[in-house]
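Asker: Spelled out from the first residue to the last, the chains are:
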Amino acid sequence: MPKILSRWLPLAIVTLAALWMRTRGLALRPMHADEANQAVKAGELLESGRYAFDPRDHHGPLLYYAVLPVAWLRGQRTLAGLDEVTVRMVPALAGALSVLLLGILAAPLGRWPSLAAAAFLAASPPAVYYSRYFIQETLLASSTLAAFACARQWLRGGRTRWAAAAGACLGLMLASKESAPLFALAALAALLAARPAGGPSMPRNPARGLGAGAAAALAVAALFYSSFGAHPAGLQDALGACGQALARLRGADTGHEKPWWYFLRIFTWQRAGGLVFEEAGFAALVLGGFCAALLRGSPLLRWAAAYSGLVLVALSAVPYKTPWHAVDLAPGFALLAAGAVAALSRTRPGRWAAAAAALTVIGFLGFQADRVTRPYASDPRNPFAYVHSSPDVLKFRPMADGALARSPGGTIRVISEEYWPLPWYFRGLSRVGYWDRPPADCDGALVVASADLADAVRSRLHGAYAESYLGLRPGFVCVVFTPRR
Amino acid sequence: MKNAATIRLAAAVLALASFARAEDLVPLKVELPKPLFVGTPRPIKVSNLEPQEAAANRPPVLVPAGTVLLSRGKPVTASDSYPVIGELGYLTDGDKSGVEGSYVEFGPGVQWAQVDLGAPARLAAVAVWHFHAEARVYHAVVIQASNDPAFKTGVTTLFNNDDTGADGLGKGTDLAYVETYKGRVVDAKGVVARYVRLYSDGNTSDELNHYTEVEVYGKPVN
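Just so you know, the sequences run in chain order A and B. Heads up: the first sequence at position 219 corresponds to 219 in this note's numbering, and the numbers run straight through without jumps. Heads up: the second sequence at position 5 corresponds to 5 in this note's numbering, and the numbers run straight through without jumps.
Hints were generated in silico from the structure; no laboratory data involved. Computed from a predicted model, the values in this text were never measured in an experiment. We put the CB at the ideal spot given by N, CA and C, even for glycine. It cannot be assumed that every hint is accurate.
A few chain B residues that don't get close to chain A, going by computed Cβ distances all over 10 Å [as the list claims (entries may be wrong)]:
#, residue
1, D95
2, G154
3, Y181
4, D187
5, G202
Here are the in silico distance ranges between beta carbons for each label pair [stated by the list, open to error]:
#, chain 1, residue 1, chain 2, residue 2, range
6, A, G274, B, A65, 38 to 46 Å
7, A, V313, B, V99, 51 to 59 Å
8, A, W269, B, P75, 31 to 39 Å
9, A, R406, B, N222, 50 to 58 Å
10, A, D455, B, G165, 21 to 29 Å
11, A, R485, B, G89, 41 to 49 Å
12, B, P75, A, P408, 50 to 58 Å
13, B, P75, A, G350, 51 to 59 Å
14, B, K171, A, D443, 31 to 39 Å
15, B, P108, A, L264, 30 to 38 Å
The shape of chain B in the complex, shown without the other chains:
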């Protein structure tokens, strides 16, 4: 009896929470760059690589009303401090065109880039564009949020498609995806954090890691 009462109470709380959440949620509008490849040379049509139709009709991520873009112009650090191509500032400069001069290139192997929002915020979504001038899949993409700039404590993983554990952050079950001009928008689930860190381990075309743009959406905590 006690168990049944507990379950009923939990169900009621969940229903109330979801009702409140649904009432406040609005579609996140992400500004998209123009597509660079008209007609992908080799369309990739595998189900857990995210079907092309699903990618084309990907439902918008729902975020609380009043959500704003927090990351524009914010400082960026990275495991590769001196990239050969581009600058770290390109990640948050708003240029998602994907053409030469709009992306930064990190060296081979596992690399990360980190955006400092300046203050803790309630995160709603993270959008990332790696490189969308060619059909390719980035390996071991992991997105984490934390208030610790070293990402040693209080780390929340928002996305992880590292199916081999290459990044050393544990294996993930999220789906790999083909880079397109639509980028990838990840639900941040309201986690409170000041820093967002993104990992990858090369891609299907080369061993390098690229970022055209990273956008972090949410609301300042105060």
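Chain A with its partners taken away, still in its complex shape:
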């Protein structure tokens, strides 16, 4: 059978399935506060062409720039014209690319195990969920895989262009998120740990390749952080960003402290409010892959075990944890699970048992991925819907449009300690203001106040207002004041 049919066609089908899972109904889930915040920044870049790296509250610039081609292709030129599908398409495409790259990377495991690796990642609940989520994590994961794929080509053939390509991908990693060095170092350490007996097989002229790679990495990262030369100060800010990220990871009282077993629970079993979310079958295969790597694994499997182990230990050791870091573990775990399938196919039960195990686990992962991305997409019991916006946020814009239709030229006031993702939903409206405490004049065509500030706001309103209640997120209720006619 030609290779294009036996190897590339199945991989293309898995990649297309991954793309479908990552793109269907992209606009249905309400925007998370982080997504909204970054989408507004992307919209401002799209509209004005201006961007300046902010090391304090935001990650790398790549995400915002990556929106531009998608927006242009969809004919969107302004923040008001931008929509959820456009911004979420960026991580969705990166997520599908990750599946393709993993299928290519896993080739040494064998034809079917490598396809299984791609399918495990395609159906992985955290990978699917955060591929539909406008944050940096999926871009970081896909550029990490691309960097490793290119680096492996360089190590095999010694061609400098592959080293430069690996460096460019490393630059994209750095431009994604300030935690990129952690994954680059883990990949390097794993490469040393998994090297074949007799030492690493380096190209004949490694200095040239390493130099080209370093130059490409620095050039790509510098281009993005300096806003393509328009904001040179971004380079200096980028250097300080890693230190700030480290401080955040080690810091206490950030509100994101979790126990050390947090990621183990995500990849095994958890129950919340009567709902069970589990990947126990996948976890069993991952464990089997670890054992296979330790016993007689190929260099690739040993690399996956070392890399996943290092990243898991690092992420579990720091108190600061958010569920999207699970995306950084998913590709390595998928490789290990595929390693277990490969090992199983060599045992007495043989190929059929391996195929049955792989298909069962893939099917179950797909079922779980569907649950977390559709019926429970913003449910607080969903382990990936972290401090998520309430579906009520979708009602704010129709209320604002209705209020402005009744009072043309009126003002929308948002008076609340926290107000994201409302700026995204109020995009394109010209007279919207945000206050974290009640201003002297609170009157408006629509006044949104947090429950805590509602008394103070009400005391400053003139005339009669109708009141209703909408949630911003679980436990955070807003009072909406609308002038009575």
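Please arrange chain B on chain A, whose structure you already have, making use of the hints.
Answerer: Then chain B, alone, in the frame of chain A:
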């Protein structure tokens, strides 16, 4: 003159009726579950959301002496016949704890649950606990009573805080309220009915609808 006489007569009848009613009325004692959240994360302090102090010191609903709990163990039907979480029987099983396994969860949008008392009764009060593990407000809460299981005829609305008409039952003026372990006790005003139906349209945390317990108090008609 005729009008004045009529007014005097009506006033006398009203006074007599209220005197008779006051004489027979006793505070309704509702058994409360233990509070699940000690210190609400974000106290909601808005006047027409029912002030916290008012909720804490809510006066008891007065009911006729001899009023009993009619709904315990009675059959329940709902717009969502196959809830993902819990069972319809949870509404009348007496477990108001609010912990996992004590509440039923209906799907998104407008949903209703209905208690069949088995026979018409003179209703005194309806108490409902939606979900009290977190501060949240349920949207468009409507409570109705009727002798028609389809709620097409003889329907009496006992409570309606649906200020947008989302349920399709008309707009109401009752106040929205924060769910707490105290639930919400509604005066049923002596209406005679066999069925009690409760509506809601999601809540401020998600689009789903929950019931931990529903209690219907009153006296059998016969």
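Asker: Taking the hints in turn, state whether each one holds.
Answerer: Hint check results:
no.	hint	verdict
1	D95	holds (14 Å)
2	G154	holds (31 Å)
3	Y181	holds (16 Å)
4	D187	holds (23 Å)
5	G202	violated (7 Å)
6	A:G274 x B:A65: 38 to 46 Å	holds (40 Å)
7	A:V313 x B:V99: 51 to 59 Å	violated (35 Å)
8	A:W269 x B:P75: 31 to 39 Å	holds (35 Å)
9	A:R406 x B:N222: 50 to 58 Å	holds (54 Å)
10	A:D455 x B:G165: 21 to 29 Å	holds (27 Å)
11	A:R485 x B:G89: 41 to 49 Å	holds (46 Å)
12	B:P75 x A:P408: 50 to 58 Å	holds (53 Å)
13	B:P75 x A:G350: 51 to 59 Å	holds (54 Å)
14	B:K171 x A:D443: 31 to 39 Å	violated (24 Å)
15	B:P108 x A:L264: 30 to 38 Å	holds (32 Å)
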